[in-house]
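Each number in the working numbering comes from the position in the sequence shown (counting from 1) with 2 added on.
Keep in mind that the hints were calculated from the coordinates and are not lab data.
No experiment lies behind these values; they were computed from the predicted model shown.
Where hints are given, some of them may not hold.
Simulated restraints, written as ranges between beta carbons of each label pair [as the list claims (entries may be wrong)]:
1. Pro-56 - Glu-88: 42 to 50 Å
2. His-37 - His-58: 28 to 36 Å
3. Trp-6 - Leu-41: 46 to 54 Å
4. Leu-69 - Arg-46: 32 to 40 Å
Ideal placement from N, C-alpha and C gives every residue a C-beta, glycine not left out.
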Amino acid sequence: MLLWYLTLAAVAIVVVVLVVYLVLIVLALRRADRHVADLAAGLRAVAGHTGPLPEHLTTINSALGALRGGLLATDRHLAGVVRIFER
């Protein structure tokens, strides 16, 4: 009879420990769900803010192309100045 009570107590302890772990897992998953929902909302906001970016990038790219031409010309002039001063 004593063995039966010890077995029942051991089973009860195992069940209580499993319940505690399962409750902790549920709480952790709920917190993770909130964080994932916040992340998804943030990503939607980023997608909304970056929507008009391709048109702006086209404008910036063409302006940078013009700037590159000017900088290359300046580089050639400076290289000529260096050659003059090296003499």
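Hints, one by one, checked against the model:
1. Pro-56 - Glu-88: 42 to 50 Å: Once the Cβ atoms are compared, 47 Å apart, the range 42 to 50 Å for Glu-88 and Pro-56 holds.
2. His-37 - His-58: 28 to 36 Å: This hint holds: roughly 32 Å between Cβ atoms.
3. Trp-6 - Leu-41: 46 to 54 Å: 52 Å, holds
4. Leu-69 - Arg-46: 32 to 40 Å: Between Leu-69 and Arg-46, where Cβ atoms are some 35 Å apart, the hint holds.
Every hint, counting from the list given before, is met by this structure.
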